[in-house]
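Participant: Protein sequences appear in the order of chains V and C.
Read in order, the letters of the first sequence correspond to residues 1 to 254 in the numbering used here.
Read in order, the letters of the second sequence correspond to residues 1 to 308 in the numbering used here.
If you are wondering where the hints come from, they were derived from the structure by calculation, not from laboratory data.
Since we're looking at a predicted model, the values are computed, not measured.
Positions of the beta carbon are idealized from the N, C-alpha and C atoms, including for glycine.
You may find that some hints are simply not true.
Residues from chain V that keep clear of chain C, each with C-beta distances beyond 12 Å, as calculated [stated by the list, open to error]: (1) TYR3; (2) ALA6; (3) ALA30; (4) THR32; (5) ASP52; (6) VAL90; (7) GLU91; (8) ASP131; (9) TYR187; (10) PHE195.
Residues from chain C shown here face chain V by an in silico Cβ test under 8 Å; the list is partial [stated by the list, open to error]: (11) ALA14; (12) SER52; (13) VAL54; (14) GLU73; (15) TYR81; (16) ASN87; (17) PHE88; (18) ILE107; (19) TRP175.
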Amino acid sequence: MNYWVAFQTLVIKEILRFSRIWVQTVLPPAITTALYFVIFGTLIGSRLGEMDGYRYIDFIVPGLILMAVITNSYANAVSSFYQAKFQRNVEEMLIAPIPHWVILAGYVCGGVARGVVVGVLVTIVSMFFSDLSIHSYGITLAVFVLTSVLFALAGFINAVYANSFDDISIVPTFVLTPLTYLGGVFYSIDLLPPFWQEASLFNPVLYMVNAFRYGLLGVSDIPISTAFHIILGFIVALFAFALYLLKKGIGIKS
Amino acid sequence: MKALEIHNLEKTYANGPHALRRIDLEVEEGDFFALLGPNGAGKSTTIGIICSLVNKSAGAVEVFGNDLDLAPERVKSCIGYVPQEFNFNPFEPVAEIVINQAGYYGIPRTEAKRRAEGCLKQLELWGKREEQARDLSGGMKRRLMIARALVHHPRLLILDEPTAGVDIEIRRSMWDFLHQINASGTTVILTTHYLEEAESLCRNIAIINDGEIAERAAMHEMLRRLHQQDLVLDLREPVDEAPVVDGYPISRTGPCTLEVLVPPGHDLNPLFDGLSAQGIQVLSMRNKQNRLEQLFLNMVKNHREHSA
Ligand SMILES: Nc1ncnc2c1ncn2[C@@H]1O[C@H](COP(=O)(O)OP(=O)(O)OP(=O)(O)O)[C@@H](O)[C@H]1O
Ligand SMILES: [Mg+2]
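Just chain V, same shape as in the assembly (with noise of 0.2 Å):
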């Protein structure tokens, strides 16, 4: 059996699906960032003073590139996956001869395309607003990457779950998004009081921000080695987790 046709065929899928609605998937981000950009670093930023040594507008870019990508990434796992489910298109790969990793494999890959599609967009509009200079490639794309499959697979065990379209959005609203805000997007945790700086550090996006902010500008809150091997802890759990969701049939099978 040939399981990487099966496993194209499935992120081409993914793909398209999401390019054939592009001006709900790939636009607005674009446009909130630039929105960010505008206010928080053009018109306010310009009143800020610096931020580890960077101006505020380039000190906040890689958090908003990274917060796009977790973003997309994420919503395009849970609401493909849940839709397949709601409309009972997830009965073509069960019946198909496609093991459980496969399928979670391309659904990860498809949050992934989309994550780094919109990661691009943004970051082309962020050039238009600060002097980006990438400090180093390898760190900048592999946290890139280790990122949105990291919220891919969260996307998609939301989805296995998911009863309603409204769980759909329960997480990323209550979840996420405060987690992304308090991750060190926006500021340097070394601005808070030592609690909060204490209690950030349970918060892994903040990881991956500062890891992403590294690769981008050099500077970082916390070791990069701790946040790679945090974001890599995180993935195999997660991995593990959803295939066996996908093994017990959950949600899917009756």
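Knowing the structure of chain V, use the given hints to seat chain C with the ligands on it.
Facilitator: Just chain C with the ligands now, with coordinates in the frame of chain V:
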């Protein structure tokens, strides 16, 4: 070789219904098999388990000798499945649905496109290939699901009420199509509520009722078991009263129509001889009720009484 073997299959859904109670079923390779039964009998549940869409509670399923638990991928490769309810992405173009399904079976994209073209042409959907699936009519959607089920050339085709909501003309052409598919060597299992469909297509049938197999036999044998036939005769000239023919109870239901109860084992020749002798000319004859329908209703009724 057996295309399908089911032993002691049990299904209890999480929220209660005991849908299948120790079902045994065998279907020979090359057969055209009908799985009949009233609403809620357990037909779709059985098919769902065979196609890996429903988890079984107990029992064993083998498809062409491959055990569903031990070699699920081999089982899946053998089966083409046409579900009872639409289960494609309505926003996807028709051709893409079929091409993607081929891809899931490991068929490379260029080959998948070629095959999708063949299947869509066979089911007269080629002209609609670029339309979104939701824009198809109900009958076309059914045909789309058949095209999708055939794209990997399955050895066993399972259709769950494929002709529900399909007009008579297309239903007939679907029958011809399924006939061809079967003649070319594909084993076909079909559920339907149109018993004439089962009668004209299938060689063997099983009747399932309340999660149990109530009857399993060859079609001709099943039909022979009908105790009596209820015939309606249309006459050329009106008659004033019912004629008398020895051994054939006849009643007059209209000036030009008679109803005859033909007892089991009786030929029709003496009946016509008797009528001709009385100068009565018969224009046409039909069964009062579809024969299989009658049998079906009796069996389900008996099974219910028996279980109660
Ligand atoms: N997903 C499900 N969850 C819970 N119960 C179910 C589910 N699917 C079917 N059932 C129950 O299982 C029993 C058998 O249903 P099934 O769909 O197999 O019947 P069927 O023979 O296909 O009927 P129909 O002719 O109406 O399609 C019914 O009592 C039904 O309510
Ligand atoms: Mg059914």
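Participant: Are any of the numbered hints broken by this structure? If so, which, sorted upward?
Facilitator: 1, 2, 6, 7, 19
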